[in-house]
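*Asks:* This is what each chain is made of:
There are 2 protein chains.
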Amino acid sequence: MTFRDTAAGTLTTADAGSTVQLAGWASRIRNQGGVMFIDLRDASGVVQIVIDPGVHSEAVDIRREFCLSITGEVAVRPEGSENPDLPTGDIEVTVADLTVLSSARALPFQLDERTEVDELVRLQYRYLDLRRPRVAANLRARSTAIAAMRRVLNQAGFLDVETPTLIKSTPEGARDVLVPSRLQKGDFYALPQSPQLFKQLLMVGGIERYYQIARCYRDEDFRSDRQIEFSQLDIEGSFWGRDDVLATLESVMVEVVRDVRKIELETPFRRLTYQESMDRYGTDKPDLRFEMPIADLTGLFASTEFKAFAGAVEAGGVIRGLNIGGQEMSRSALDGLVDDAKDAGAGGLVWMVVEDEGGLRSPVAKFLSEAELAGVRSALEGAAGDHLLIVADRTRVAADVLGRFRVRFGAPEGHDELNFVWITDFPVFEETAGGDLVAAHHPFSAPVDVDEMATSPATAIAQAYDLVLNGSELGSGSVRIHDPETQQKVFEILGISAEEAERRFGWFVEALGYGTPPHAGFAVGIARLVSILQHEPNIREVIPFPKTQTGVDPLTGSPSPVDDYQLAELGIDLRPEVRAARAEAAEGEPPPGA
Amino acid sequence: MTFRDTAAGTLTTADAGSTVQLAGWASRIRNQGGVMFIDLRDASGVVQIVIDPGVHSEAVDIRREFCLSITGEVAVRPEGSENPDLPTGDIEVTVADLTVLSSARALPFQLDERTEVDELVRLQYRYLDLRRPRVAANLRARSTAIAAMRRVLNQAGFLDVETPTLIKSTPEGARDVLVPSRLQKGDFYALPQSPQLFKQLLMVGGIERYYQIARCYRDEDFRSDRQIEFSQLDIEGSFWGRDDVLATLESVMVEVVRDVRKIELETPFRRLTYQESMDRYGTDKPDLRFEMPIADLTGLFASTEFKAFAGAVEAGGVIRGLNIGGQEMSRSALDGLVDDAKDAGAGGLVWMVVEDEGGLRSPVAKFLSEAELAGVRSALEGAAGDHLLIVADRTRVAADVLGRFRVRFGAPEGHDELNFVWITDFPVFEETAGGDLVAAHHPFSAPVDVDEMATSPATAIAQAYDLVLNGSELGSGSVRIHDPETQQKVFEILGISAEEAERRFGWFVEALGYGTPPHAGFAVGIARLVSILQHEPNIREVIPFPKTQTGVDPLTGSPSPVDDYQLAELGIDLRPEVRAARAEAAEGEPPPGA
Chain A
1 MTFRDTAAGT
11 LTTADAGSTV
21 QLAGWASRIR
31 NQGGVMFIDL
41 RDASGVVQIV
51 IDPGVHSEAV
61 DIRREFCLSI
71 TGEVAVRPEG
81 SENPDLPTGD
91 IEVTVADLTV
101 LSSARALPFQ
111 LDERTEVDEL
121 VRLQYRYLDL
131 RRPRVAANLR
141 ARSTAIAAMR
151 RVLNQAGFLD
161 VETPTLIKST
171 PEGARDVLVP
181 SRLQKGDFYA
191 LPQSPQLFKQ
201 LLMVGGIERY
211 YQIARCYRDE
221 DFRSDRQIEF
231 SQLDIEGSFW
241 GRDDVLATLE
251 SVMVEVVRDV
261 RKIELETPFR
271 RLTYQESMDR
281 YGTDKPDLRF
291 EMPIADLTGL
301 FASTEFKAFA
311 GAVEAGGVIR
321 GLNIGGQEMS
331 RSALDGLVDD
341 AKDAGAGGLV
351 WMVVEDEGGL
361 RSPVAKFLSE
371 AELAGVRSAL
381 EGAAGDHLLI
391 VADRTRVAAD
401 VLGRFRVRFG
411 APEGHDELNF
421 VWITDFPVFE
431 ETAGGDLVAA
441 HHPFSAPVDV
451 DEMATSPATA
461 IAQAYDLVLN
471 GSELGSGSVR
481 IHDPETQQKV
491 FEILGISAEE
501 AERRFGWFVE
511 ALGYGTPPHA
521 GFAVGIARLV
531 SILQHEPNIR
541 EVIPFPKTQT
551 GVDPLTGSPS
561 PVDDYQLAEL
571 GIDLRPEVRA
581 ARAEAAEGEP
591 PPGA
Chain B
1 MTFRDTAAGT
11 LTTADAGSTV
21 QLAGWASRIR
31 NQGGVMFIDL
41 RDASGVVQIV
51 IDPGVHSEAV
61 DIRREFCLSI
71 TGEVAVRPEG
81 SENPDLPTGD
91 IEVTVADLTV
101 LSSARALPFQ
111 LDERTEVDEL
121 VRLQYRYLDL
131 RRPRVAANLR
141 ARSTAIAAMR
151 RVLNQAGFLD
161 VETPTLIKST
171 PEGARDVLVP
181 SRLQKGDFYA
191 LPQSPQLFKQ
201 LLMVGGIERY
211 YQIARCYRDE
221 DFRSDRQIEF
231 SQLDIEGSFW
241 GRDDVLATLE
251 SVMVEVVRDV
261 RKIELETPFR
271 RLTYQESMDR
281 YGTDKPDLRF
291 EMPIADLTGL
301 FASTEFKAFA
311 GAVEAGGVIR
321 GLNIGGQEMS
331 RSALDGLVDD
341 AKDAGAGGLV
351 WMVVEDEGGL
361 RSPVAKFLSE
371 AELAGVRSAL
381 EGAAGDHLLI
391 VADRTRVAAD
401 VLGRFRVRFG
411 APEGHDELNF
421 VWITDFPVFE
431 ETAGGDLVAA
441 HHPFSAPVDV
451 DEMATSPATA
461 IAQAYDLVLN
471 GSELGSGSVR
481 IHDPETQQKV
491 FEILGISAEE
501 AERRFGWFVE
511 ALGYGTPPHA
521 GFAVGIARLV
531 SILQHEPNIR
541 EVIPFPKTQT
551 GVDPLTGSPS
561 PVDDYQLAEL
571 GIDLRPEVRA
581 ARAEAAEGEP
591 PPGA
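Line order of the protein sequences matches chains A and B.
In this text, residue positions in the first sequence follow our numbering: the first is 1, and each later residue adds one.
In this text, residue positions in the second sequence follow our numbering: the first is 1, and each later residue adds one.
Calculated directly from the structure, the hints in this document are not laboratory data.
Glycine included, C-beta positions come from ideal geometry on N, C-alpha and C.
Don't take every hint at face value.
[Said to hold, decoys possible] With a straight-line Cα cutoff of 20 Å, these simulated SDA-like cross-link-like pairs (lysine to any residue) come out:
id, chain 1, residue 1, chain 2, residue 2
1, B, K185, A, E584
2, B, K185, A, R218
3, A, K185, B, E577
[Claimed, not checked] Residues of chain B placed beyond 10 Å of chain A at every Cβ, according to the derived structure:
id, residue
4, N31
5, S57
6, F188
7, R404
8, L418
Working from the sequences, and respecting the hints, build out all of it.
*Replies:* This is the structure:
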């Protein structure tokens with residue numbers, strides 16, 4: 001039994017006169033009494049079918065999203081009834097045989113693109129949501145992207161190696177997702193946060209080129225752009241330095257973008273050091289579809305009498321400025337920017353507007369010398385009507401606040417450009433909002449100089465790099481430590497005690513001792529990349545079956561209670577307070593499994 | 001900094017005179033005083049390098065598996081010193097610059113292929129085991145196989161869709177691997193036993209062609225050929241019947257075998273119904289590299305006076321025979337077969353040996369008529385010296401016992417043939433060793449006739465099929481149920497109560513109600529397939545980082561204890577008896593996390 005011989009979306013006037021068998025879904029139905037028109041949709045597209053309900057009386061019962069198989073003759077549409085919005089709009093199929101393959105109950109929402117539906121309802125009926133052309137196109141783009149990645153890397157001699165997902169728990173940064181073992185009661189596996197240690201073991205094992213589209217897990221309090229499980233393109237190479245990684249990733253991105261977006265990227269991608277990026281764009285994820293650089297004005301105000309500026313410099317800070325161009329902003333809107341800057345952590349913000357005759361209008365203009373005002377206008381290339389923003393603060397704060405304004409006022413909308421940039425030479429440690437130093441990477445990234453890492457932590461550089469696209473971090477990588485002595489020294493500098501290092505990573509340090517080659521690698525988040533390529537602001541749009549921000553799947557109702565015997569088999573139990581809370585929540589219903 | 005510009009295994013006499021940079025591992029070292037020879041191994045192969053320790057004094061410290069980078073000139077080896085066993089054996093590289101990239105401590109075992117090493121030790125040092133050419137070749141074959149699968153399916157328009165792995169627990173057959181939720185304390189996710197329901201949801205969602213190399217999990221008591229996590233090629237198609245699935249899988253296997261084994265398979269593969277396979281080969285996983293069919297002798301003994309045979313037939317059983325050909329077996333060895341048959345569940349076994357003059361020598365010959373003896377010899381095509389085995393028992397037992405003898409005496413050794421066969425028309429229910437009927441499939445396979453399934457369970461047929469290679473089941477599939485009414489009826493016939501069906505699968509039956517297309521699919525175990533292609537008797541040889549039969553990873557020591565605060569965060573605790581047992585096992589050490 002066959003259901004179809006032709007894809008609906010491929011029919012053209014060249015097929016007129018031929019008999020075809022089609023199968024798909026009734027996406028629009030117009031019953032004009034003596035004749036019914038149905039838009040039949042399959043994965044390839046839509047075609048109009050024409051049914052005579054006098055012949056096919058069962059057709060009158062067809063509702064939206066019924067699944068049909070038909071046989072009929074392709075006919076050119078009568079003049080004037082063509083549909084130029086439809087690729088198949090010049091033809092229609094006159095139905096000879098009709099089979100209803102399955103019926104559909106009333107839909108919870110219309111699939112029509114124009115209908116806005118609450119995301120929770122969409123996720124509950126994700127299988128209907130997937131029938132919407134936009135969501136289906138996102139899954140196709142994702143499949144196309146990973147196929148391109150694999151093709152490039154297979155051709156370059158990389159091995160696709162599946163690393164284990166039930167692994168040893170080595171908590172670091174985000175929380176491990178834990179899995180109780182039944183055969184080793186009381187012990188737990190962890191799901192991997194990344195294949196980091198296993199891919200390094202593959203390098204120890206002489207697998208010189210590795211990649212994998214790897215499923216990873218992070219049990220974080222969900223943010224809008226994170227999921228508890230996610231996929232990354234994970235690669236690693238032996239006898240590699242940084243530039244080998246960058247060149248390989250560029251060749252991957254060129255093919256992905258060619259296949260998904262039909263755009264030819266130019267390589268090599270632009271490269272900025274972390275320091276350059278922070279200084280010029282106020283972020284390590286610069287959106288370079290537009291320039292709008294931050295300028296350092298500290299030297300200009302070296303001997304200023306304006307106390308707010310002088311004080312910041314004396315405290316070791318900087319004075320930086322940003323020209324956000326011509327804006328239609330009222331005085332109160334400008335003062336609102338000052339509040340925004342304070343919310344973002346700055347002590348304040350100075351705004352200036354370049355007047356037609358070249359002067360600067362600003363609440364603080366009277367405190368500044370003519371030379372200083374002229375210097376600001378010159379440094380920020382201020383033309384008449386331009387709005388200038390200045391922050392005097394700690395370096396990190398000034399950069400961050402102006403970086404946010406830069407994106408807010410500069411980022412293009414509805415812009416097709418894809419701007420990739422490498423950010424290199426990341427610091428080993430980064431400063432928190434509170435001013436503390438914390439490790440910026442996992443402890444397996446190689447410092448440029450391990451002694452400098454110990455003696456000058458604030459300025460020590462790691463052989464670590466990120467790939468940024470249109471202001472979003474796509475992924476990161478590093479040259480790895482490949483000898484056990486350096487690894488142990490780095491653990492120590494990072495504040496991991498010898499005992500803790502042995503317990504968590506002893507088996508790994510042991511492995512490094514058997515002739516480990518120099519190696520380096522990278523990981524790219526698949527959903528982030530595809531969401532940008534598809535102009536989707538939310539990564540859930542490119543994930544086949546995403547979970548909500550609290551880790552719930554509204555479709556299946558997972559996670560869900562399990563039976564007591566299942567817990568007993570695993571040697572675990574719910575804590576009494578959890579059991580009590582659940583019983584209370586169930587309002588008198590028995591606790592789960594009882 | 002570059003470490004190499006040339007792959008060691010690619011050098012030939014054509015490269016003589018050129019300067020190359022190589023990097024790899026010292027796999028053999030011969031120090032002849034004034035000159036050292038090292039076999040330098042990288043992923044591409046091995047080449048001999050020649051070092052003058054007078055120039056490079058550090059070379060004398062090089063031990064096996066040190067990681068080196070060298071620059072040197074390719075030279076044709078002096079006549080008489082060529083190594084015909086090595087592809088690069090006509091040349092060597094005279095070292096000018098030598099860098100020891102990293103050193104290796106004393107190895108726990110030699111990597112030399114000829115060394116047999118305990119598997120537990122190999123797994124503990126899997127990263128060294130991976131350096132052995134045979135294990136490395138297995139990982140390459142695996143990567144090649146899955147690349148071929150993806151290429152075929154991408155070209156055929158299938159979408160690679162990543163289904164979730166933290167899903168709702170719906171226990172069936174094997175145990176779910178459970179994952180406690182931190183954000184929904186007291187609730188659990190399950191890791192998927194297969195993507196079955198999600199791939200069916202994709203069909204509901206209009207993704208007409210789906211595939212995935214899917215990670216799956218089964219918490220079984222480990223058998224030698226099972227792992228708690230494993231990968232399968234998972235496919236599903238809409239508007240598909242069985243033959244669409246079979247043709248697609250055949251096109252996949254043709255490419256996999258071509259790429260991995262350089263063999264051209266002929267298609268279509270042979271097809272046998274389950275009944276034909278059981279009758280003729282005594283198994284639903286027939287090894288068809290050899291024929292040796294089982295013959296039914298029931299009719300021949302319809303009016304026999306031999307009580308053992310007559311009794312079996314009266315009880316509804318059958319009499320079947322197998323010609324295992326000429327064998328060198330003593331009387332006691334033959335009697336040993338009788339014991340083996342009894343161990344396998346049969347009431348007994350009759351053996352006969354065809355004598356030179358055509359007579360049959362057997363302990364039971366005197367109880368059989370001349371016509372019966374002649375009939376046996378004729379039915380089993382017995383030639384002089386052939387050994388014939390006869391079982392009279394329940395159908396299932398006779399088939400099973402003779403099927404085992406068939407493989408034991410017939411299966412070829414060291415045989416390169418790949419014999420694929422489809423087994424179709426599986427029964428809905430199968431008989432256990434105890435004679436009970438149990439569901440043979442998951443409850444989503446379509447019966448040929450749902451009413452027959454209810455009224456004649458013992459003979460009802462499902463639209464289910466297996467792919468078998470050289471006597472091993474590679475995978476199975478079925479046409480799925482695509483309407484909610486049939487699905488509910490099948491749950492009922494399988495003994496799943498309406499309440500249980502609603503609780504476990506309500507969301508899925510709901511989804512079927514929205515115009516679900518007819519669909520069918522399949523899943524192939526990756527490790528099983530690759531292990532057969534690679535002549536590996538054990539699937540662990542083709543798994544990058546396998547676990548032992550008790551689910552332990554000897555390399556990382558997982559699963560392992562976790563801290564109490566981690567358990568508290570998940571709202572769970574170890575059961576007191578587990579905690580006590582662990583404390584006792586630790587002999588006075590504090591319990592984990594205390």
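*Asks:* If any of the earlier hints don't hold here, list their numbers in rising order.
*Replies:* 6
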